[in-house]
Amino acid sequence: MKVVDKIALVLIIIGAINWGLIALFNLDLVALLFGDMTIVSRIVYGLVGLAGLWGIKLLFDD
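Under numbering that gives the first Met the number 0, the letters of the sequence shown match residues 0 to 61, in that order.
Bear in mind the hints are in silico, worked out from the structure with no lab data behind them. The beta-carbon is built from N, C-alpha and C at its ideal position, and this holds for glycine as well. One or more hints might be untrue.
Quick list of the computed label-pair ranges, beta carbon to beta carbon [to be verified]:
#1 L26 / K1: 27 to 35 Å
#2 D35 / L57: 16 to 24 Å
#3 G34 / D60: 33 to 41 Å
#4 T37 / I12: 20 to 28 Å
#5 K1 / L32: 36 to 44 Å
#6 I21 / K1: 17 to 25 Å
#7 F59 / D27: 26 to 34 Å
Whenever a hint applies, use it, and build me the whole structure from the sequences.
Shown next, in the form of C-alpha cells:
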C-alpha cells in the first residue's frame, strides 16, 4: 500500500468517525476543533472528501 493510500484511508476513517459523532451525539468534531466553517475546517472537509474519492480507486486495486 502506497503512502498516499494510507493517508487517504486515515482521512476516510476521520470522516467516518466525525459522521458517526454527528449522528449519535450531534457533535461535529471538526467544527469543534477548528471552528464552524473556518478556512482550516473547510480544508479538512475538502481533504476528507478527496480521500473519499481516492477510496473509490482503492476498491479496484489488487
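Structure-based check of each hint:
Checked against the given bound of 27 to 35 Å, the beta carbons of L26 and K1, roughly 33 Å apart, stay inside it. The given range of 16 to 24 Å is broken by D35 and L57, whose C-beta atoms sit roughly 31 Å from each other. A beta carbon spacing of about 36 Å between G34 and D60 agrees with the range 33 to 41 Å that was offered as a hint. In this structure the supplied range 20 to 28 Å holds for T37 paired with I12, their Cβ-Cβ distance being about 22 Å.
The supplied range of 36 to 44 Å is broken by K1 and L32, whose beta-carbon atoms lie about 28 Å from each other. Look at I21 against K1: about 30 Å separates their beta carbons, and that is not inside 17 to 25 Å. Checked against the hint of 26 to 34 Å, the pair F59 and D27 passes, with Cβ atoms roughly 31 Å apart.
Going through the hint list in order, the structure does not satisfy hints 2, 5, 6.
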